[in-house]
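Build out the structure end to end from the sequences listed, making use of the hints.
Protein chains: 6
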Amino acid sequence: MFFSDPHLAYPVRVEKPNPVFAKMLQQAIGGIEGEMRVCLQYLFQAWGFRGPAKYRDMIYNTGTEEIGHIEMLATAVALNLEGAPTHMQEEAEAASPAVAAVLGGMNPRHYLSAGLAATAEDSQGNPFNGSWVVASGNLAADMYANVMAESTGRLLATRLWEMTDDPGMKDMLAFLIARDTMHQNQWLAVLEELDQPLPVPGDFPQGKEKQEFSYQFFVQSKVAPPADSRFAQGTSVDGKGQFQMVEAKPLGDVPQLAPAPNESHTTVMMKNPARIKK
Amino acid sequence: MFFSDPHLAYPVRVEKPNPVFAKMLQQAIGGIEGEMRVCLQYLFQAWGFRGPAKYRDMIYNTGTEEIGHIEMLATAVALNLEGAPTHMQEEAEAASPAVAAVLGGMNPRHYLSAGLAATAEDSQGNPFNGSWVVASGNLAADMYANVMAESTGRLLATRLWEMTDDPGMKDMLAFLIARDTMHQNQWLAVLEELDQPLPVPGDFPQGKEKQEFSYQFFVQSKVAPPADSRFAQGTSVDGKGQFQMVEAKPLGDVPQLAPAPNESHTTVMMKNPARIKK
Amino acid sequence: MFFSDPHLAYPVRVEKPNPVFAKMLQQAIGGIEGEMRVCLQYLFQAWGFRGPAKYRDMIYNTGTEEIGHIEMLATAVALNLEGAPTHMQEEAEAASPAVAAVLGGMNPRHYLSAGLAATAEDSQGNPFNGSWVVASGNLAADMYANVMAESTGRLLATRLWEMTDDPGMKDMLAFLIARDTMHQNQWLAVLEELDQPLPVPGDFPQGKEKQEFSYQFFVQSKVAPPADSRFAQGTSVDGKGQFQMVEAKPLGDVPQLAPAPNESHTTVMMKNPARIKK
Amino acid sequence: MFFSDPHLAYPVRVEKPNPVFAKMLQQAIGGIEGEMRVCLQYLFQAWGFRGPAKYRDMIYNTGTEEIGHIEMLATAVALNLEGAPTHMQEEAEAASPAVAAVLGGMNPRHYLSAGLAATAEDSQGNPFNGSWVVASGNLAADMYANVMAESTGRLLATRLWEMTDDPGMKDMLAFLIARDTMHQNQWLAVLEELDQPLPVPGDFPQGKEKQEFSYQFFVQSKVAPPADSRFAQGTSVDGKGQFQMVEAKPLGDVPQLAPAPNESHTTVMMKNPARIKK
Amino acid sequence: MFFSDPHLAYPVRVEKPNPVFAKMLQQAIGGIEGEMRVCLQYLFQAWGFRGPAKYRDMIYNTGTEEIGHIEMLATAVALNLEGAPTHMQEEAEAASPAVAAVLGGMNPRHYLSAGLAATAEDSQGNPFNGSWVVASGNLAADMYANVMAESTGRLLATRLWEMTDDPGMKDMLAFLIARDTMHQNQWLAVLEELDQPLPVPGDFPQGKEKQEFSYQFFVQSKVAPPADSRFAQGTSVDGKGQFQMVEAKPLGDVPQLAPAPNESHTTVMMKNPARIKK
Amino acid sequence: MFFSDPHLAYPVRVEKPNPVFAKMLQQAIGGIEGEMRVCLQYLFQAWGFRGPAKYRDMIYNTGTEEIGHIEMLATAVALNLEGAPTHMQEEAEAASPAVAAVLGGMNPRHYLSAGLAATAEDSQGNPFNGSWVVASGNLAADMYANVMAESTGRLLATRLWEMTDDPGMKDMLAFLIARDTMHQNQWLAVLEELDQPLPVPGDFPQGKEKQEFSYQFFVQSKVAPPADSRFAQGTSVDGKGQFQMVEAKPLGDVPQLAPAPNESHTTVMMKNPARIKK
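Residue numbers (full-length UniProt numbering), protein chains in the order written: chain G, 1 to 278; chain S, 1 to 278; chain V, 1 to 278; chain E, 1 to 278; chain Y, 1 to 278; chain C, 1 to 278.
Some hints here could point you the wrong way.
Copies of the same chain are indistinguishable here, so a pair counts whether it falls within one copy or spans any two.
To be verified - Subject to a maximum C-alpha distance of 30 Å in a straight line, what follows is the list of computed DSS-like cross-link-like pairs (lysine-lysine): (1) K208 / K222; (2) K240 / K16; (3) K249 / K222; (4) K222 / K210; (5) K240 / K208; (6) K249 / K210; (7) K249 / K208.
Just so you know, these hints were derived from the structure itself, not from any lab.
Here it is, written out as structure tokens:
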């Protein structure tokens, strides 16, 4: 169950509103690297978790935190839209190309659909997509999914930080970057604490996989990486095999599919069947 | 540039075709955990890579390998669909509920749109979605994205392996599980070889983030995880801070957005304004 | 900023787990009529609200409540999946068609992607889509959007209530139906309190619309509704016009588009131009 | 069955073509507030309607009208694209930033995919999405869905009207705004004529919902709206209860999910289990 | 502008309602091969057409016809849903697996979202997607797009025809198959009448393409098709070249991308750079 | 099974990087007319093909070729992004509107998500969508789908060619245009070689369709095309009928749907039923 406080988790200030930056910030709200994704990912992981309660509790706490990050960014978008142009200046465009650039560079739905506020979309206007919410039930797989989400998320936040000179925006992003630092460390700490056997999932009996192929780097291109790379020789990271580099070659046959049934209407009909020689 | 050999990378046999299993296999083709995603993810990472060539070459080789895995699974789907029911047996349904169950449990487009062959979709018929292709340009972020993809991918393959008794399908899946073992090890080996400083991205000067929040676990729920958890005390995984567990509290104000401009037509109009007291 | 309590807003019990019902419940999680939509819709409305604070606060409170409803439903899905079949029984299918029906009727990703837990999807596996989040900035438009969301949401909940005999599920749905009763009343109460002039938006000067068409029912079909219908005669609901029923007829011309420019490569080329007579 | 007349329902003129405005107009074609949505929504409501014929006929007539509105807007887009830039002026960009702004601000597919004509998309290029078509079978729910569609639709049209100075475009939009006035009134008139008992659906026996929660406003945030608000005290809008404002608190327990089955491969494995204390 | 008549274009009868067949029929409504796609494709082609009016008029007429086909299929879905099961029979499932199969095999939204009526979706519940509407502005390209749409559409209709024994459904499908016959012929007749030079677009000066590659079949696989195939030797279909079969080989270099700029935070950082030998 | 060579199929050079053109090029990567679509379409056609091997081999070879085209375009995007602006110049925007135009006109994810590289999207940022992959199992339908894909693809390439002055880009596009010339010819050659009876599918017995409607052009609009058009009189293109032009009229009745069952909660309830007269 959830509660809220209308105060923001961290101050959000915008000194010079910039509607094009508002569009960019949407990537951190509704993009695949954004806060809606991590928020829902952590909450769904917690809601379906069937392992030790301590991990459920941890994920649940951080999922709750992330709702407030969406709120901060939505506020930042709304503030960046204040004073945004909402009018096509037919004549003025030649005189004021900068305004034209802003109007063309804005997210049109910020004005048309939202009346100068944030939307549940990414920087290109793609709606947030629930398929990005990864909650596999396997704690190690989910921790890697979370490390990945926070890595691409922190990368996105640093790029947004580089993009702006607005002191308020830089300050807010510096906070979000710090939280991403924590969250990366936190998910990696779980992996360390678990000391979960690799590969993920750790409870599948490896005797049942085709182990002769479990530690071979397949060369499938004309240019192979150096043979002394960490991933091409020596003990594998999971400690269970020896990396080898081998030339890939087909082990199977050309597939033979049965003819299609009549009712699929895929029979190749022709007036002159002799044309098909093979 | 790419070349092909119509022989399969590994044998694909189906002893007892099962159209409902064909539907399940689609998750490994066009699902977020599937082979189209890893294939395109690795290839786009390689095509946009601006770092040392050895990593580009490695990713490129493995991206090439994955095209052949899509091919294996598409072949497996086609074989599982041979003999699938394509007819509504009005009367017979009471007599043959198992056929009815198969017909209702199949992917309808396997027959209707593809004539008993695989589609570029997941197990629920959601089309493959290009947003799943993560290629951030940052090698460490991408390696975590790849570990995550291979972890959820191997988890999916083991679940499919559990689901079937067909010896051919179990054999094919055992091969794919082995390759996922290799690929997980391979991406982790890159991370080990790089010894890249955490957090990702490693080249953002941490002095610019709000470091007082970089190693704090925020308690936002009535139940916190144990205070002696790895992620709540001691040195952080990146070695740069000390984990702390702190009670979350708002640091910002209630946001104050400016009134909307007239042309947004969002003015709250009312016949009796006195009703709004606040 | 948000806080949580791992206790559920209302008890969730499942006496007889039913994985097909778990699939149905997903409509109330990630469907267009579901709780993710209302939750995010209310929160985005609050986060972008530029009117009197009392309405912001109201919407914000209810948006917070809805997060807990997603949680309840996700828990219900997880409980309904306990004991779900995860194995294709080749031989057994004839013997146990009911199991086959369940396996075919389940959401495949509940097992394959989530390890027997809820996903961020609707009952057909369509991922939650951020485009459903309507937050227009206009309070009256948003209140109608909310009445609509709670109307289709309550309708969905009553259909799910009819679908199941499980006492725990019926009890949980009876709670959610009651909350939808409140929320419908609540949004309608805002509309009543505002007494906002119709039509929405109320602040567009109607003198600028083509008022001769503002209260005419256009008959465009061979069968018109009865001429004495409420919407076809008498004073309009907004009190500003008289409904009339009129035969629709075109007021414009056949559009004349300019020829396409050469660089669009859409010139109709032909060897024998005389063939085109018109 | 449908018939057409190539004359437009209302004149569409563009005096000064503006390709950026063409992009904006797409929101009214293929956006969630747009004409494709209302057109298909009304037609699907009519095609599935199982109640009194007079309402079917009414919805069917208006659904037919809306096809012509898509046509008008598609024509307006095509006219606004006449003369649009289709060439990257490498050198000229510094000299002519206004052209660069237009080229960057256009919908790229207007030229690349459509040869300077409208597409079935919104203003950000999101394809029209069938999930927006709401046809629930319940007349009252559908009328609220229609009021909502026409409210956000009219709001969008007024924003587009504000955005342009082109007399032809203003005239066309003034017509569409007037029709939205009618349609809002029309759906509200049905609700008035029905005098349908609230809440929707009106035929679910309220004795079966958890009525103790049916008229309570749950305070879930630190800041509650004023206690004397219309939605917080007095008789509810449906006339069946008394609004109350109550502090929200959890009524359920922390959910207890059963351990995951082996075949889901979600067992938390670790080399040193003692590490998990709880 | 559009008009309607509530009589159907052709009779739609269902003798034995079948809710699983209702699900299948959705492919012909909202699928990529379905009537919504052709209807909107033809209408958008007409609305953006900048060539000779006779083709605009033809496409416009047939686009109008297709609206009525959506209507017929939506009616067929509604009729097939009459009597559909809407209740989970916990106990009864073992006793009545056929009912369980139907309930699991139905489109859940047919009951939950639509109250037993059609939706704007395909057979798997994917919403209709506006990206399928192809209207390129080039008449020949659009005619091929239309031939393709009617070919896959007629194929779908024949598969649905095979799937059912219901005489009413077979009769309706036989009509739709006949119309697809006409429409295929019609679009091919335009291509014949135009005698448009191939390749499409016919007005691009072929001297500007790399003509040495314009008629070569590239062998990129270990198994090439027979060298005497129509597409591997002799005069090309457009009459402008000679087909040749050649071994594919790279003509370009390994791409050299510049190092990434600092602000992209993609620098490969490592504690021990010597590890990267290149 | 697949192999690669890091050399490009054809040289890709960019003399003057242009990030707005990089956005445009995405249409040829991840758009419905793009290379991802044709690549996957041909490969899925080959993987599910149940007819004569020579066609499978042909399609398989060309599908392999297309992977290299995605690679070329992804390289072109990365090269066009070199030097792209990644910084909001608050003050400078008035001074440098051209830079503002570029920043606003770029694909934001090129920098934010990909670090200046290509994404799996179209020119508007819509992710590649697997539903575009058409592989019906019917060779003739698939060949028309392929002609259509190569027609709209070549059209797109010529429009991109017109858009740029960069000699490298023009050269690359001239190669891709030439390959589209070949591929159009190739698929048409298969249709010629097959001499497959029309209409598609050729093996459905036409005696089972409603043949009285198989060659009639239905006039459904006030303006009909000329009666002496190729598609309105004379022998049909398939040689099996005579085209006729007829006035369309309804052959069916107004549909009569049964009342909805109680559990769908769609009963029209009203306090005063006398209001509904019909």
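(Q) Output the indices of the hints that this structure fails to meet, ascending. (A) 1, 2
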